[in-house]
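Chain by chain, the residues:
There are 2 protein chains.
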Amino acid sequence: MISVHEAKEILSTNPLSLPDTSLPFQKSLHHTLATDVFADRDAPPFHRVTMDGIAIQAASLKANKRYPIEGIQAAGQPQRSLSNSNHCLEVMTGAMLPKNTDCVIPYEKIRLLDGMAEVDSAQYSPYQNVHLQGTDAKKGDRILEKGNWIHAGKLSVLASLGHAQVSVRQLPRVLVCATGDELVPVEQPPLPHQIRSSNVYMLESALKDLGINAKTAHLADERQELKEGIEKALKEYQVLLFSGAVSKGKFDFLPEVFRELGVDTLIHGVNQKPGKPFLFGRKGDCFVFGFPGNPASTLVCFHTYFKTWLSNSLQRDTETPSAILADEVVFNRPVTYHLLVKTTIREGKIWAVPIKNSGSGDWVHLSEADAFLSLPADATVFKKNEVFPITYFHKDNF
Amino acid sequence: MISVHEAKEILSTNPLSLPDTSLPFQKSLHHTLATDVFADRDAPPFHRVTMDGIAIQAASLKANKRYPIEGIQAAGQPQRSLSNSNHCLEVMTGAMLPKNTDCVIPYEKIRLLDGMAEVDSAQYSPYQNVHLQGTDAKKGDRILEKGNWIHAGKLSVLASLGHAQVSVRQLPRVLVCATGDELVPVEQPPLPHQIRSSNVYMLESALKDLGINAKTAHLADERQELKEGIEKALKEYQVLLFSGAVSKGKFDFLPEVFRELGVDTLIHGVNQKPGKPFLFGRKGDCFVFGFPGNPASTLVCFHTYFKTWLSNSLQRDTETPSAILADEVVFNRPVTYHLLVKTTIREGKIWAVPIKNSGSGDWVHLSEADAFLSLPADATVFKKNEVFPITYFHKDNF
Chain A
0 MISVHEAKEI
10 LSTNPLSLPD
20 TSLPFQKSLH
30 HTLATDVFAD
40 RDAPPFHRVT
50 MDGIAIQAAS
60 LKANKRYPIE
70 GIQAAGQPQR
80 SLSNSNHCLE
90 VMTGAMLPKN
100 TDCVIPYEKI
110 RLLDGMAEVD
120 SAQYSPYQNV
130 HLQGTDAKKG
140 DRILEKGNWI
150 HAGKLSVLAS
160 LGHAQVSVRQ
170 LPRVLVCATG
180 DELVPVEQPP
190 LPHQIRSSNV
200 YMLESALKDL
210 GINAKTAHLA
220 DERQELKEGI
230 EKALKEYQVL
240 LFSGAVSKGK
250 FDFLPEVFRE
260 LGVDTLIHGV
270 NQKPGKPFLF
280 GRKGDCFVFG
290 FPGNPASTLV
300 CFHTYFKTWL
310 SNSLQRDTET
320 PSAILADEVV
330 FNRPVTYHLL
340 VKTTIREGKI
350 WAVPIKNSGS
360 GDWVHLSEAD
370 AFLSLPADAT
380 VFKKNEVFPI
390 TYFHKDNF
Chain B
0 MISVHEAKEI
10 LSTNPLSLPD
20 TSLPFQKSLH
30 HTLATDVFAD
40 RDAPPFHRVT
50 MDGIAIQAAS
60 LKANKRYPIE
70 GIQAAGQPQR
80 SLSNSNHCLE
90 VMTGAMLPKN
100 TDCVIPYEKI
110 RLLDGMAEVD
120 SAQYSPYQNV
130 HLQGTDAKKG
140 DRILEKGNWI
150 HAGKLSVLAS
160 LGHAQVSVRQ
170 LPRVLVCATG
180 DELVPVEQPP
190 LPHQIRSSNV
200 YMLESALKDL
210 GINAKTAHLA
220 DERQELKEGI
230 EKALKEYQVL
240 LFSGAVSKGK
250 FDFLPEVFRE
260 LGVDTLIHGV
270 NQKPGKPFLF
280 GRKGDCFVFG
290 FPGNPASTLV
300 CFHTYFKTWL
310 SNSLQRDTET
320 PSAILADEVV
330 FNRPVTYHLL
340 VKTTIREGKI
350 WAVPIKNSGS
360 GDWVHLSEAD
370 AFLSLPADAT
380 VFKKNEVFPI
390 TYFHKDNF
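Protein sequence lines, in the order shown, are assigned to chains A and B. For the first sequence, numbering that gives the first Met the number 0 begins at 0 and goes up steadily by one. For the second sequence, numbering that gives the first Met the number 0 begins at 0 and goes up steadily by one.
Among the hints, erroneous ones may be present.
As the list makes no split between identical chains, a pair holds if one copy fits it or if it spans any two.
[Stated by the list, open to error] DSS-like mimics (lysine-lysine), calculated; alpha carbons at most 25 Å apart, straight line:
no. : residue 1 : residue 2
1   : 282       : 234
2   : 341       : 145
3   : 98        : 247
4   : 26        : 394
5   : 247       : 394
6   : 275       : 145
7   : 64        : 247
8   : 138       : 282
9   : 355       : 138
10  : 341       : 382
Please keep in mind that the hints were generated in silico from the structure rather than gathered at the bench.
Pulled out of the complex, with its shape left as it was, chain A reads as follows:
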């Protein structure tokens, strides 16, 4: 049985090769940028007025001086020019600073009367209330980097730089497959020995959070049906996610069927709880993830392995956050223990409160967790205030 660390190593040396694709910039939100992006001109592109008021020559200033107003320089107008250094132009936020002016005095600090602006104070320096051309970036500067995740702020940069089309990494075609003869559709009343299908929707939702619209399927625990369904899927999809049928049960046909179909099993079994029977394999450019069928096992393995592997395949920079254990935990087996927690932020610290639950089949308490801590295999007592790596299922409380 390999360790969590070894499993991650295997995943990182088997990335999915994702081509680049071009999207209209408004559709690029949450995608990963495939190219560096450079400034097409200075930012700001001109000396930009930052307050509504008047533009003058700072050298002309005296307290209580009255400046005849020559006119208005609005935002979006070609640059005007002040003709007399003892006059002023009214200027609006976002406008070009007029020629022959070097200072803006806001309306709050002047009085307007009879076509004149009277200034209260002489305390203004050159380029006050002016956002100087090229302060934030020079033409040709690299503004965004390949591998950046496109959020609202970066999308707005793409707009500002005129990138109507954006080159991003293409997201993979993913099929989520449930197995398990005990499962009935959500809308069907289950018999006493049946339960409703749910993992497939959990995975579909977790994939949506990554921007992936997956297809879903249900395959019966029947060898021939599994084999035919998977053979077809291996040709149509880049990634197959399975929930269930990877353990030691009599109807856990997946490992065998994968072998028969020429899938190279790279991982089967990881020294962890939950999720011990986790399976990872590939056939050419199609990758299969076999998550153990208990809800917590499925979700923990999805985040530990699939999500990390996808970020790596997208060549997206990621961080490994950590959190502080809020209560002592004892776990006596020499395996990595993925402890379900609910996080809370107090005084700038992330506290991870263990969620009481009855094990990996307990979907009721799983839904109260927003993350899990990965407690190392080489210890048994994990003390309050100790820090451990954390993986978030979602980020509700931010």
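Using the hints provided, position chain B relative to the given structure of chain A.
Coordinates of chain B only, in the frame set by chain A:
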């Protein structure tokens, strides 16, 4: 001029009234639950086998005892019954525990030979490897609460409980309006005095993060056009978000136009930087937010005011996280200072590193920030290691 706190108070007493709506459960991701959800049966609904192996009567156990195998209890099969207390049934994870058995021994701990299972050890107690009926929830227990935000784990609970349709709060119809004659479309080369439109896309993206597909529009800084456009929008939308035209400029027609159209201005001006001219008003059941047009002002006001107001209107529970300032900051004016930061998590602590920038018009550096700290108005020196409330633009590093 009112304080940030007073502005939030005004917003909280003017919520949007959002009706409930019913969605197919797969579409309910990231919505807010409008009803409590109860267990329709026990969870688990039966004594559930948690390991693949054999089921026996614990009282019959002796080391090296051989149990004739009576058959297989698969997951999804009606409950079988053990006929002889010295026999066993093979059982699969997820199956009902057979009648007349009370203990499961995993395959790893037995040897199978000639229709017999030989047990290694007598160290098994009743109900070992059995997930007892009703452990996680009893029929009738409340499992999810009104106001819960539906993430992958909770959506899977809805599936498990058979909620094919889910009652959620309806999200509002939102129009995002850019103003500003200096703005040209993204695909059009700007003249020297022009810039490309970007705030409207930033807001559109930030709304998408909240699950809202907003419409967008651009209105010229022309009084009559503004008035006609807004009059129409007040009837068609529940929320109008404006970027620009709310300050003291000659073409900042919005406050006046709102007055003329009967919009009750509840906030205009908040003692903060950036975002001082922020405006909030309502006409009947339509609400208007006027964000100052600089990119940082727009984004900070969106998160400080709109997002909080929406959560409140959805009656969604939210937390106010905090972070630790990573570098001393001096700010000499008696206003709340929304400091742009990039967060990083080390040892379970959220460190907020100030982003150097040239002010609220600097969209280049704004895009490097993932959050802002709100530094209180009554201090001027903010020391390294001090803790302040933080608002996230997005959660890239979690």
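**Study point:** Hint check against the structure, violated hint numbers in rising order
**Key:** 5, 6 and 8
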